[in-house]
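Number of protein chains: 2
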Amino acid sequence: MDEINVPNVVITRLPRYYRYLEELMDEGVERVSSSELSERMGVTASQIRQDLNHFGGFGQQGYGYRVDFLHQEIARILGIDGVNHIILIGAGNLGQSLAKYTNYRKRGFLIEAIFDKDPEKIGKPVQQIRVSDIRDLPGYLKTHDVDIAAITIPKEEAVKVAEVLVKNGVKAIWNFAHTDLKVPPDVSVENVHLSESLMALSFKVKERRKKETE
Amino acid sequence: MDEINVPNVVITRLPRYYRYLEELMDEGVERVSSSELSERMGVTASQIRQDLNHFGGFGQQGYGYRVDFLHQEIARILGIDGVNHIILIGAGNLGQSLAKYTNYRKRGFLIEAIFDKDPEKIGKPVQQIRVSDIRDLPGYLKTHDVDIAAITIPKEEAVKVAEVLVKNGVKAIWNFAHTDLKVPPDVSVENVHLSESLMALSFKVKERRKKETE
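Protein chains in written order, with the working numbering: chain A, 1 to 214; chain B, 1 to 214.
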């Protein structure tokens, strides 16, 4: 992908900071030192400072961070202070559960269209959105701004749909299909390979069992 | 968690090797050199050799890897050549989509019980499994071997359920709740924080847009 001047590992930590700050806000905490935040999150205080310094840093020596301010700043950095226009490819179980995960809306994510190829699903509503025919996807993309497309269909179809998305200017794909999509460098893909995290867990279960019987 | 002598980053790559080998098998490929595999996966050949050397290595100089053998060996390493007994906490949309994701069965994962607190859901079947009352969870755990518990309920309840699981000997949790569970060091947790991967994508969308307008 195009150069984004923040290491990927920092990018993946930002949402976690955001979540912890949200929890602190829920608890009514107004300010937090980097050492308190570090203990809570299980990362070092210097890590936190380094990560935030990519964006200018937000702490004051001897005072720490103002929770609501930092929360808001991270929202801005993440681009979730505005609206992200999302479309969903696949109205199956996973697609439906993503559509119903209303939490996203609070964080500036708005699912605006859902596509499927199944005649049984087309025309029926999922979370107040009428499912469209996947054949109408190119036309939709030509007339709507789409920030992120979520793909929740089997891998063979996912590869083809990704080509349509890229050809029509979509620059970000949230991929749940069980394959790595090949996209040009200016398109970002976040993969959620569910079975792979389950396999990693299986590995740990097995290793632990092996140790016990050793 | 207890010491597992394989770096976590290697563990997370194993399922990806497994997936690529599966694709090669589907294509009828019988053997693959580490450089071919590396090109396909977008990692270096030396990375692949190093990763596999944690488990003894499986290549032959000048011959490469036998695809079916390596696939089978990685399945064994991951512990998915046998059966993993799974229970599911939460019969909501996400829980249902996990239960229906039958692919798991192929990879040695067997969902054996589903728990929920909603009277509307209790007693009704999800994928041929009758949903049980969450109050029966401790009793179930005392009489069944559970390898992995998947949690797909809101965070406040997730924290309480995790305590019940840990107290009753469950050593691996697949966590979809929007919080980091605090567990003893001998319990493994794999988090799938969906909204966090979406936020990382949002960040990249925003950064790219910023660059375009610069």
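Fair warning: there could be bad hints in the mix.
[As the list claims (entries may be wrong)] List of simulated lysine-lysine pairs, BS3-like, C-alpha gap at most 25 Å:
{"no.": "1", "chain 1": "B", "residue 1": "Lys106", "chain 2": "B", "residue 2": "Lys117"}
{"no.": "2", "chain 1": "A", "residue 1": "Lys210", "chain 2": "B", "residue 2": "Lys167"}
{"no.": "3", "chain 1": "B", "residue 1": "Lys100", "chain 2": "A", "residue 2": "Lys100"}
{"no.": "4", "chain 1": "B", "residue 1": "Lys211", "chain 2": "A", "residue 2": "Lys100"}
{"no.": "5", "chain 1": "B", "residue 1": "Lys117", "chain 2": "B", "residue 2": "Lys100"}
{"no.": "6", "chain 1": "A", "residue 1": "Lys121", "chain 2": "B", "residue 2": "Lys121"}
{"no.": "7", "chain 1": "A", "residue 1": "Lys210", "chain 2": "B", "residue 2": "Lys106"}
{"no.": "8", "chain 1": "A", "residue 1": "Lys167", "chain 2": "B", "residue 2": "Lys160"}
{"no.": "9", "chain 1": "B", "residue 1": "Lys121", "chain 2": "B", "residue 2": "Lys100"}
{"no.": "10", "chain 1": "B", "residue 1": "Lys124", "chain 2": "B", "residue 2": "Lys160"}
{"no.": "11", "chain 1": "B", "residue 1": "Lys100", "chain 2": "B", "residue 2": "Lys124"}
{"no.": "12", "chain 1": "B", "residue 1": "Lys167", "chain 2": "A", "residue 2": "Lys100"}
{"no.": "13", "chain 1": "A", "residue 1": "Lys211", "chain 2": "B", "residue 2": "Lys167"}
{"no.": "14", "chain 1": "B", "residue 1": "Lys182", "chain 2": "B", "residue 2": "Lys210"}
{"no.": "15", "chain 1": "B", "residue 1": "Lys211", "chain 2": "A", "residue 2": "Lys142"}
{"no.": "16", "chain 1": "A", "residue 1": "Lys124", "chain 2": "B", "residue 2": "Lys100"}
{"no.": "17", "chain 1": "A", "residue 1": "Lys182", "chain 2": "B", "residue 2": "Lys211"}
{"no.": "18", "chain 1": "A", "residue 1": "Lys155", "chain 2": "A", "residue 2": "Lys106"}
{"no.": "19", "chain 1": "A", "residue 1": "Lys211", "chain 2": "A", "residue 2": "Lys182"}
[As the list claims (entries may be wrong)] Pair ranges (Cβ atoms, derived):
{"no.": "20", "chain 1": "B", "residue 1": "Gly139", "chain 2": "A", "residue 2": "Arg135", "range": "49 to 59 Å"}
{"no.": "21", "chain 1": "A", "residue 1": "Thr213", "chain 2": "B", "residue 2": "Val29", "range": "29 to 39 Å"}
{"no.": "22", "chain 1": "B", "residue 1": "Gly169", "chain 2": "A", "residue 2": "Arg31", "range": "47 to 57 Å"}
{"no.": "23", "chain 1": "A", "residue 1": "Lys155", "chain 2": "B", "residue 2": "Gly82", "range": "24 to 34 Å"}
Please keep in mind that the hints were generated in silico from the structure rather than gathered at the bench.
Quick reminder that beta carbons are idealized off the backbone N, C-alpha and C, glycines included.
Cross-check of the supplied hints:
Our distance criterion of 25 Å between C-alpha atoms is broken by B/Lys106 and B/Lys117, whose separation comes to about 29 Å. For the proposed pair A/Lys210 and B/Lys167, the alpha carbon gap of about 21 Å is at most 25 Å, so the pair holds. Of the pairs offered as hints, the one joining B/Lys100 and A/Lys100 holds, with about 17 Å between alpha carbons and a cut-off of 25 Å not exceeded. At roughly 33 Å between alpha-carbon atoms, B/Lys211 and A/Lys100 are farther apart than 25 Å, so this suggested pair is violated.
Of the supplied pair hints, the one linking B/Lys117 and B/Lys100 holds, its CA atoms being roughly 20 Å apart against a limit of 25 Å. Between A/Lys121 and B/Lys121 the alpha-carbon distance is near 23 Å, which keeps this suggested pair within the 25 Å criterion. Of the pairs offered as hints, the one joining A/Lys210 and B/Lys106 holds, with about 23 Å between alpha carbons and a cut-off of 25 Å not exceeded. Note on A/Lys167 and B/Lys160: the hinted pairing is violated, with a Cα-Cα distance of about 47 Å set against a maximum of 25 Å.
For the given pair, B/Lys121 sits about 16 Å from B/Lys100 by alpha-carbon distance, which is consistent with the 25 Å threshold. Distance restraint check for B/Lys124 and B/Lys160: the Cα-Cα separation of roughly 24 Å lies within the 25 Å cut-off, and the hinted pair is therefore satisfied. Note on B/Lys100 and B/Lys124: the hinted pairing holds, with a Cα-Cα distance of about 15 Å set against a maximum of 25 Å. Pair hint B/Lys167 plus A/Lys100 does not hold up; C-alpha atoms about 32 Å apart against a cutoff of 25 Å.
Pair hint A/Lys211 plus B/Lys167 holds up; C-alpha atoms about 21 Å apart against a cutoff of 25 Å. For the hint pairing B/Lys182 with B/Lys210, the CA-to-CA distance comes to about 38 Å; that exceeds 25 Å, so the pair is violated. Of the pairs offered as hints, the one joining B/Lys211 and A/Lys142 holds, with about 23 Å between alpha carbons and a cut-off of 25 Å not exceeded. With a CA separation close to 21 Å, the supplied pair A/Lys124 and B/Lys100 stays within the 25 Å bound.
A hinted pair counts as satisfied when its Cα atoms are at most 25 Å apart, and A/Lys182 with B/Lys211 qualifies at roughly 23 Å. For the suggested pair A/Lys155 and A/Lys106, the alpha carbons sit about 30 Å apart, so the restraint of at most 25 Å is broken. Using a Cα cut-off of 25 Å, the hinted pair A/Lys211 and A/Lys182 is violated, with the two alpha carbons roughly 40 Å apart. Separation of B/Gly139 from A/Arg135 is about 51 Å and conforms to the stated range, judged on CB atoms against 49 to 59 Å.
Taking the beta carbon of each, A/Thr213 and B/Val29 are about 36 Å apart, inside 29 to 39 Å as hinted. Checked against the given bound of 47 to 57 Å, the beta carbons of B/Gly169 and A/Arg31, roughly 40 Å apart, lie outside it. Checking the proposed 24 to 34 Å range against A/Lys155 and B/Gly82 shows it holds: the Cβ atoms sit about 25 Å from each other.
In this structure, the earlier hints numbered 1, 4, 8, 12, 14, 18, 19 and 22 are contradicted, and the remaining ones agree with it.
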